[in-house]
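*Asks:* Each protein sequence line maps, in turn, to chains A and B. Here the first sequence is numbered in our numbering, starting from 1 and rising by one per residue. Here the second sequence is numbered in our numbering, starting from 640 and rising by one per residue.
For the record, the hints were derived by calculation from the structure and aren't laboratory data. Quick caveat, the model's predicted, so the values are computed rather than measured. Yeah, the Cβ is synthetic: ideal placement off N, Cα and C, and Gly gets one too. You may find that some hints are simply not true.
[Unchecked claim] One-sided excerpt, in silico: chain A residues whose CB lies under 10 Å from chain B:
| hint | residue |
| --- | --- |
| 1 | Arg34 |
| 2 | Leu66 |
| 3 | Gly216 |
| 4 | Gly219 |
| 5 | Tyr258 |
| 6 | Glu313 |
| 7 | Arg315 |
| 8 | Tyr325 |
| 9 | Glu328 |
| 10 | Lys377 |
| 11 | Leu378 |
| 12 | Gly402 |
| 13 | Gly406 |
| 14 | Glu453 |
| 15 | Cys476 |
| 16 | Glu546 |
[Claimed, not checked] Listed below are the simulated DSSO-like cross-link pairs for lysine-lysine, each with C-alpha atoms no more than 27 Å apart in a straight line:
| hint | chain 1 | residue 1 | chain 2 | residue 2 |
| --- | --- | --- | --- | --- |
| 17 | A | Lys408 | A | Lys555 |
| 18 | A | Lys555 | B | Lys782 |
| 19 | A | Lys566 | A | Lys507 |
| 20 | A | Lys407 | A | Lys364 |
| 21 | B | Lys782 | A | Lys167 |
| 22 | A | Lys566 | A | Lys407 |
| 23 | A | Lys597 | B | Lys782 |
| 24 | A | Lys475 | A | Lys523 |
| 25 | A | Lys507 | A | Lys475 |
| 26 | A | Lys600 | B | Lys677 |
| 27 | A | Lys523 | A | Lys566 |
| 28 | A | Lys600 | A | Lys588 |
| 29 | A | Lys555 | A | Lys600 |
| 30 | A | Lys566 | B | Lys791 |
| 31 | B | Lys782 | A | Lys407 |
| 32 | A | Lys555 | A | Lys497 |
| 33 | A | Lys497 | A | Lys475 |
| 34 | A | Lys597 | A | Lys497 |
| 35 | B | Lys677 | A | Lys475 |
| 36 | A | Lys407 | A | Lys249 |
| 37 | A | Lys497 | A | Lys566 |
[Stated by the list, open to error] Restraint ranges, calculated between C-beta atoms of paired labels, are given here:
| hint | chain 1 | residue 1 | chain 2 | residue 2 | range |
| --- | --- | --- | --- | --- | --- |
| 38 | B | Ala789 | A | Thr2 | 18 to 28 Å |
| 39 | B | Ala789 | A | Asp504 | 29 to 39 Å |
| 40 | A | Arg480 | B | Ser692 | 18 to 28 Å |
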Amino acid sequence: MTFNEVYRQARARWESQYNGEIPHVLVGTATCGRAAGSMAVLEAFRREIEGQNARARVSEVGCMGLCSYEPLVIIIKPGDFSVCYHHVTPQVVPQMVQGYLLGDDPCLELALGTVAGGDGEAVYIPELERFTHETRLLLSNCGYNSPLEIDHYIACNGYRGLIKALKVKPVDIIKIIDRSGLRGRGGAGYPTAAKWQQCRKAKGKHKYIICNADEGDPGAFMDRVLLESNPQAVLEGMVIAAYTIGAHKGFIYIREEYPLAIERLKTALSQAEEKGLLGKNILDSGFGFSIEIVRGAGAFVSGEETAMIAAIEGRRSWPEYRPPYPTESGLWGRPTLVNNVKTLAYIPLIIEHGDSWFAGMGTKQSSGTALFALAGKLNNTGLAEVPMGTTLETMVYRIGGGIRGGKKFKGVQIGGPSGSCLPESLLNTPIDFDSLKEAGGIMGSGGIIVMDEDNCMVDTAKFFIDFSQRESCGKCTHCRIGTWQMLDILENTTRGKASPADLDLLKELAEDIKSGSLCGLGKTAPNPVLTTLRYFGEEYTAHVLEKRCPARVCKELTAYYILPEKCERGCDHCVLACPVEAIFSDDKGLKVVDQSKCTKCGSCELVCPVEYNAVIRLSPVSLVPQDRRLRPETPSKEL
Amino acid sequence: MTDKNKTISHILTEERRHPRHLVDILQDIQAGEGYLSKDEMLKVAEFLGLPASAVWGVATFYNQFRFAPLGRHPARVCMGTACHLAGGQLVLEAMARELEIDIGSTSEDQEFSLERVACIGCCALAPVFTIGADVFPRMTPPKVEEVLVAIKPAGARKNKANRK
Numbered sequence: 001m002t003f004n005e006v007y008r009q010a011r012a013r014w015e016s017q018y019n020g021e022i023p024h025v026l027v028g029t030a031t032c033g034r035a036a037g038s039m040a041v042l043e044a045f046r047r048e049i050e051g052q053n054a055r056a057r058v059s060e061v062g063c064m065g066l067c068s069y070e071p072l073v074i075i076i077k078p079g080d081f082s083v084c085y086h087h088v089t090p091q092v093v094p095q096m097v098q099g100y101l102l103g104d105d106p107c108l109e110l111a112l113g114t115v116a117g118g119d120g121e122a123v124y125i126p127e128l129e130r131f132t133h134e135t136r137l138l139l140s141n142c143g144y145n146s147p148l149e150i151d152h153y154i155a156c157n158g159y160r161g162l163i164k165a166l167k168v169k170p171v172d173i174i175k176i177i178d179r180s181g182l183r184g185r186g187g188a189g190y191p192t193a194a195k196w197q198q199c200r201k202a203k204g205k206h207k208y209i210i211c212n213a214d215e216g217d218p219g220a221f222m223d224r225v226l227l228e229s230n231p232q233a234v235l236e237g238m239v240i241a242a243y244t245i246g247a248h249k250g251f252i253y254i255r256e257e258y259p260l261a262i263e264r265l266k267t268a269l270s271q272a273e274e275k276g277l278l279g280k281n282i283l284d285s286g287f288g289f290s291i292e293i294v295r296g297a298g299a300f301v302s303g304e305e306t307a308m309i310a311a312i313e314g315r316r317s318w319p320e321y322r323p324p325y326p327t328e329s330g331l332w333g334r335p336t337l338v339n340n341v342k343t344l345a346y347i348p349l350i351i352e353h354g355d356s357w358f359a360g361m362g363t364k365q366s367s368g369t370a371l372f373a374l375a376g377k378l379n380n381t382g383l384a385e386v387p388m389g390t391t392l393e394t395m396v397y398r399i400g401g402g403i404r405g406g407k408k409f410k411g412v413q414i415g416g417p418s419g420s421c422l423p424e425s426l427l428n429t430p431i432d433f434d435s436l437k438e439a440g441g442i443m444g445s446g447g448i449i450v451m452d453e454d455n456c457m458v459d460t461a462k463f464f465i466d467f468s469q470r471e472s473c474g475k476c477t478h479c480r481i482g483t484w485q486m487l488d489i490l491e492n493t494t495r496g497k498a499s500p501a502d503l504d505l506l507k508e509l510a511e512d513i514k515s516g517s518l519c520g521l522g523k524t525a526p527n528p529v530l531t532t533l534r535y536f537g538e539e540y541t542a543h544v545l546e547k548r549c550p551a552r553v554c555k556e557l558t559a560y561y562i563l564p565e566k567c568e569r570g571c572d573h574c575v576l577a578c579p580v581e582a583i584f585s586d587d588k589g590l591k592v593v594d595q596s597k598c599t600k601c602g603s604c605e606l607v608c609p610v611e612y613n614a615v616i617r618l619s620p621v622s623l624v625p626q627d628r629r630l631r632p633e634t635p636s637k638e639l
Numbered sequence: 640m641t642d643k644n645k646t647i648s649h650i651l652t653e654e655r656r657h658p659r660h661l662v663d664i665l666q667d668i669q670a671g672e673g674y675l676s677k678d679e680m681l682k683v684a685e686f687l688g689l690p691a692s693a694v695w696g697v698a699t700f701y702n703q704f705r706f707a708p709l710g711r712h713p714a715r716v717c718m719g720t721a722c723h724l725a726g727g728q729l730v731l732e733a734m735a736r737e738l739e740i741d742i743g744s745t746s747e748d749q750e751f752s753l754e755r756v757a758c759i760g761c762c763a764l765a766p767v768f769t770i771g772a773d774v775f776p777r778m779t780p781p782k783v784e785e786v787l788v789a790i791k792p793a794g795a796r797k798n799k800a801n802r803k
């Protein structure tokens, strides 16, 4: 079958589903949707449609990146508005079926907005402000077309890039990529064309391609969403890369923690093989390429390219000294191209739309878009795809919708354990490879975590060092022992047991680890500490000199206290919630926390009714009034 | 032939007789048995022609592998960045306290096991933990108690009122 016939069939199928005669219900069932309960919603739709004798098609789709609104459902109705619904529960499904599938009531009280775009154009919700700041290339059809149907991808211009590429000489493809200015999205931003060129020129009959889907950054989930929502784009990118460098075998190294992404990738691979888009003779071009999935086994360092190669070979994933670079000597000593999921997913678009189209977006040095995972104390968490050069402020306030619960912004952590913590004064920093490097971090794989006044920066730095220390593979002494020592000092700091000299030692260790480590994990591990010291130094000083945690997070420096003037004596919520029976009533029936018993779990603060709001945290602990610290010798009358 | 031998011979197939399949093989054994036993690792070493130390080295290098069985309800508390900032540590501690087991261990009756995991990619729902395949979003220490009450077998749980 020629590609045109494949396309015509796919197009007819897509048309019948998206522009057909009966409504089409799309339920977002990526991992985050499932965590919010979308599988029960999917079940409810199937049951209700049958029960109410409605005529409608129900499909599972991926994720639009609007995680805080999950579970999301889109109803496409012929001749009427397509509507997106948020926080859908099985309980409201009967109302939606009756209202919009059978009747004319779009149930606006449940809706997030209408749905525009689709059919080759990026899908968006015009009612949401965030979409005016976004440029969705990779996310274009995520959460709209089904990741389980290759026909949807083909019908919306999928594999056009490959068709075009197969008619061009490999050298010319590299020229196109070069002019587009694409830089690797794994974090370091190495020019993609240069990497491809090195691998193409490397001598050897056998060459390999590895798609790096080992998204180990705690707080980043863009690759997972892409693989769960639009896996074909990644496969197409891999085929084009393989054709360009002359590889016939590819591997997708994916974290074992992403079972759904693995399942959807497997489906995508077999469908691509069926259509002749993968295999011995792709689209009768004479070019053959096959892809194998390799599951990771839980090691952050595997994301480093030489460590990943060791992992695929079945060894411990220890990084190797470079050069030689994998492009010359990689898997089993053969030339190997390692590219990130996002980098590969851009390739078909660049080939299809041209280099100047891509280079025209973003900044001069960093072209195209940046895909970020927004998490932390924001109103709208999820994924956002913006042109490079968009400021952090736009990201936090315009797209993220500002800080949740009216709290005060404190800082933003960008780039995970290798990245930096930036303060409010740097919110105008543009998001691109070079500006972020200047601010003391790296772009990393693309996680943005927003912190508010309730987050302690020392504790945050400790968290990242704890992560890097656990994940250090142990090969280099500086990283293995240095991160341990840094963690020790940070732990002492959060306990109020560090001295000012310790903070100097912390900086010294950080510099040593940077210079004495082989791979990116070690070289960048101290970044969170260095940037918090640089931008939030006063928090360290408060911990060290005043034994005070300004955010009242560090347990040893914080006490839970019940304000007697606010406590409602008749209420027993805190007493019942306390797991260690640390709360007692004084002779007036007002509650008191026995500081010697309190484990600072925070349960009392959470259960104290909002109308009283009597439980507060104090730091330093010496602020707790002397006479309300301990249960008196003779217990007062219990309630 | 015991069931166990059947399982492992099903996994150790000829097309996998190459050291590059080591991790894959160990993953499949763990998926079936719940953990890796010494006997099975020795069989794998023999099958692949690797020294036992190489298999042990790889198995202990990766976080995924366990050398003792999990509980019937394996609880995993996410310790990713977003969960940490939203109070994941308190949730983890509440879990250990309520289950009365240490982090990284299994209860004596084999009902529960408790592990900390790096990010499971549900950052927007932080803090989260999973029990088996179920994800519990936006947890707090009091909610941990509620969730566990529903799962724990009747009678196994101490009555809080009595404890007082």
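*Asks:* Could you work out which earlier hints the structure fails to respect and list their numbers in ascending sequence?
*Replies:* When the structure is compared with the hints, numbers 8, 9, 12, 13, 14, 15, 16, 19, 20, 21, 26, 27, 30, 33, 36, 37, 38, 39 turn out to be violated.
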